[in-house]
Amino acid sequence: MLKQIEGSQAVADVVALCRPNVIAAYPITPQTHIVEDLALIVGQGKLDAEFVNVESEFSAASVVLGASAAGARTYTATSSQGLLLMAEVINCISGMRLPIVLTCANRAISAPLSIWNDQQDSMAVRDAGWIQLFAEDNQEAADLHIQAYKIAEQTFLPVMVCMDGFILTHAFEAVDIPEQKQVDDFLPPFKPRHIVDPRWPRGIGLYADPRFYMETRYILHRAMEKSEKTIKEVSADFAKKFGRDSGGFIKTYKLKDADVAIVSMGSVVGTIKDLIDQLEEEGKKVGLLQICSYRPFPRQEIYNVLKDKMNIVVLEKCISLGRGGILASDIRWSFPRAEKKDRNISSFIAGLGGRNITADDLRYMVERVEKEPVELEFLGLKKELIADKDL
Amino acid sequence: MNEKAEELDRVEKKDLFGSGHRACGGCGQALAARLVHDAAGENTIACVATGCLEVFSSPYPDPSWRIPFLHSLFENPAAVASGVEAAYKALRKGPVNIIAQAGDGSTADIGFQCISGMFERGHNVLYVCYDNEAYMNTGVQRSSFTPYGAWTSTTPMGNPTRKKNLPLIAADHGIPYVATATVDDFRDLQRKVKTALSIEGPKYIHILVPCPLGWGHSGELTVKICRLAKDTGLFPIFEIREGKITNVQKISVKVPVEEYLKLQGRFRFLFKRGVPTEEVAVIQKIANQNIERFNL
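Listed in order, the protein sequences are those of chains A and B. Residues 4 to 394 (my numbering) make up the first sequence, in order. Residues 4 to 299 (my numbering) make up the second sequence, in order.
This is chain B alone, in the form it adopts within the complex:
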């Protein structure tokens, strides 16, 4: 193994997103934020959206960050990061890693335009979406990343629509690097962050981050649920380089979606006395389509 490959494969632990934050036990987003910034290293500026991550990590006067942290609003981290990058260029400073980051509500819904603008203009910024499939900070409301059938407080009868596929939309902007990841595989996630930061231009990494509170599972299941999301085909893991899907993570043993759904309170009503309703079949179909589309 050569030196570069070794560096890419090394799991980094630097505690740049430090302890003392106020996330719930088992929070996927807190784990992802730690992995992302430890992979990025000290020479990094975090541009963070309003949301869980911001709230649990940045109360005055004791934030949990050991790198520069910039927060202004819910929907604008991509535009703020664009400004930071433009300033670094204009002032002939850097190089520096600029990571714009937000949850799925900010990314997929209210901040969507800012992200599209940042991609299209070609800013040298990594955008990380922590996808916990609903507006968790405000109490579990539906976002356009909420999967079909999931309970949220604004879809009390189950979400009637399918999840928006932002990785593919991002790739169609013609940006050089897109990747998906989950928090169960530290090495894979950090390798993708390091890879992204080695590429000039806009990059997008979409990380599935289970939310014990919003998904209705106990904290110790976060990692297991991530594995099931992948092994069922519901959350495909891949990279897209210059528009081409590469490095798809194959599923060794395919698992029925039931195994994933039944661990989570948000899908409980899809089972009647333990027997799957026809909604489960719809979700299985979505998983099958993913398996076929990405050749999982």
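Next comes chain A alone, as it looks inside the complex:
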């Protein structure tokens, strides 16, 4: 049913339709509305689940770890510092192959404190063995949660659904919330693989000495790579059953004939598409490659759609300090080293700490890379705020 609701409400409604057994909740802006809405859904008896109000994000992650190991379908959500506080458990969850679903309402990290959106938080755990799916809008954010449970429970990999804080979590949009029966038909009950149960005593979380550890990491890495197939299948199945495209590996917009290819992920792709339409009217051919699955990284897909593009620009809301664009590095790595050395891949950092990314900013970016490649540039940087010695 189409509802005009807040992004957080849409996520809460859809998570409830996925029938999690245990939800761990801890407040942090801009995620909080999601767990508040779920608290009400559980409180009103619309969802039969244990709602655990924990004392930190660290414990939120630990509670869903324990619950998942005991055979429950679980859910938690966080942002920014909360995700960083969870980091130790986040790594443990994937190592233990627990199919937990978590929403990351993307937010900048301290210091300085900023409650506003960028994507530095989820980037901080990009190597942790979690599937990371990025939502473009609230409909996709909602849809990705339904897919996330299916992907997680088929691959025994945890899934993080990333949605831009405030821009999506607090935006009121029309979102189609499916019927319970639709979700039930799509998402079968969770069948755990190993659980702690006195009827079948087994150890979960044993330690591995150097004879065994490396193999566990290899298997986890391969599982991440192999999850590509599941992510695509689940997305295709979702499209068939729900009648709309959501998720998957990558999406493109007017990319085929484009002279300049913009690569990005998250909610900013909406603004980029608007600009592409405007530029088209002005006779410029610009296209978009949108990354939906950041981990596993769709290297082959990216290569397939970008191999003929000689002018590529990567726009991202995060940075590897001392190194540069993170997504840009991944994109540069997607091409064989020897191939087309004159291919330009420019890197722009934008929107850190909630700085608006305007159509004018993006237009400037396109015009800039039409002239020459850009190794690294902060879009919309106010140089007047920076002392000369710090430039």
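It is possible that part of the hints are untrue.
[What the hints assert, rightly or not] Restricting the straight-line Cα-Cα distance to at most 30 angstroms, the calculated cross-link-like pairs of lysine-lysine (DSS-like) are:
1. A:184 x B:92
2. B:96 x A:49
3. A:287 x A:254
4. B:167 x A:184
[Claimed, not checked] Selected chain B positions facing chain A (Cβ under 7 angstroms, derived; list incomplete):
5. 59
6. 62
7. 69
8. 71
9. 73
10. 74
11. 75
12. 82
13. 89
14. 120
15. 159
Simulated from the structure, these hints should not be mistaken for lab results. Just so you know, even glycine gets a beta-carbon here, dropped at the ideal spot from N, CA and C.
The hints should help you fit chain B onto chain A, whose structure is shown.
Here is chain B on its own, set in the frame of chain A:
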């Protein structure tokens, strides 16, 4: 004696925490873990913290457990156990005994917040702290359960602070059952575990477990040292039910702390050519305060 009292007093030996583990000879923690799980029985899930117990009992591929064992991190067994309990409730499974357990470093320091959260939320979980008064798994560093005057590798001149009193802090959360125990008295320890597991809600049992390696005593003295810890007043044995201290184990013949200290290498430097320094008097004062406070 009625049937229930008989059952409580029976010493259980089921080897649920089996042989083949890699603990040192005389390890108090290994003995305590065996007693705790044998008392709890087969219908039990052990949520264990990283630490000595985890390391000596759970190497892949041959763990020493005959009951379900769940380990994830150093500081989170209380939160993990909370999750297991929530799952059992949500899935309408059980009843089952869920025992979160850790050493003193995990319990008193890094995992303190998780434990407080578990108590406050009222999960039906028994938390067992194996207190060997320092971080033994990493090589004898000070924890906030390290007693005054003790040598550790990070208090080479003796620990300048007094031990945190977690049983009382636990009781002040309003949880229904708290108890202290040592590994010399099997019957008492197992009775407390059985009692705790018969009560709904969060429970806390604090067990003193001598560590021959970290305390500097030979393995066969583990039991004797436990008795001296009690008889000196340094480790009071009691239960707290619904906030009220009950069942305090009285000391029949009070022993000076010197007798306890001089058996252990970690306190050796408190004696100069066999003569106690003034630090020993400070420790005696701590024992006297315990004796007075708990009416030992």
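Cross-check of the supplied hints:
Taken as a hint, the residue 184 of chain A and residue 92 of chain B pair is honoured in the structure, with Cα atoms around 25 angstroms apart against an allowance of 30 angstroms. The straight-line distance between the Cα atoms of residue 96 of chain B and residue 49 of chain A is roughly 21 angstroms, inside the 30 angstroms bound, and the hint therefore holds. In summary, the hint linking residue 287 of chain A to residue 254 of chain A is supported, as the alpha carbons are separated by about 20 angstroms, within the 30 angstroms threshold. Annotation: proposed proximity of residue 167 of chain B to residue 184 of chain A is violated, straight-line Cα distance about 54 angstroms (limit 30 angstroms).
Given hint, residue 59 of chain B at the interface with chain A, is violated; its Cβ is 10 angstroms from that chain's nearest Cβ, farther than 7 angstroms. The closest approach between the C-beta of residue 62 of chain B and any C-beta of chain A is roughly 6 angstroms, which is under the 7 angstroms cut-off, so the hint is satisfied. With a least beta-carbon distance of about 6 angstroms to chain A, the hint placing residue 69 of chain B at the interface is held under the 7 angstroms criterion. About 4 angstroms separates the beta-carbon of residue 71 of chain B from the nearest beta-carbon of chain A, less than 7 angstroms, and the hint is met.
Hint status for residue 73 of chain B: holds, given a least beta-carbon distance of 5 angstroms to chain A, under 7 angstroms. The interface hint given for residue 74 of chain B holds, since its Cβ lies 4 angstroms from the closest Cβ of chain A, which is under the 7 angstroms cut-off. Of the supplied interface hints, the one on residue 75 of chain B holds, with its beta-carbon coming within about 5 angstroms of a beta-carbon of chain A, less than 7 angstroms. For residue 82 of chain B, the shortest C-beta to C-beta distance to chain A is roughly 3 angstroms, which falls under 7 angstroms, so the interface hint holds.
The interface hint given for residue 89 of chain B holds, since its Cβ lies 4 angstroms from the closest Cβ of chain A, which is under the 7 angstroms cut-off. Hint status for residue 120 of chain B: holds, given a least beta-carbon distance of 4 angstroms to chain A, under 7 angstroms. The beta carbon of residue 159 of chain B is not positioned within 7 angstroms of any beta carbon in chain A (closest approach about 30 angstroms), and the interface hint is therefore violated.
In this structure, the earlier hints numbered 4, 5 and 15 are contradicted, and the remaining ones agree with it.
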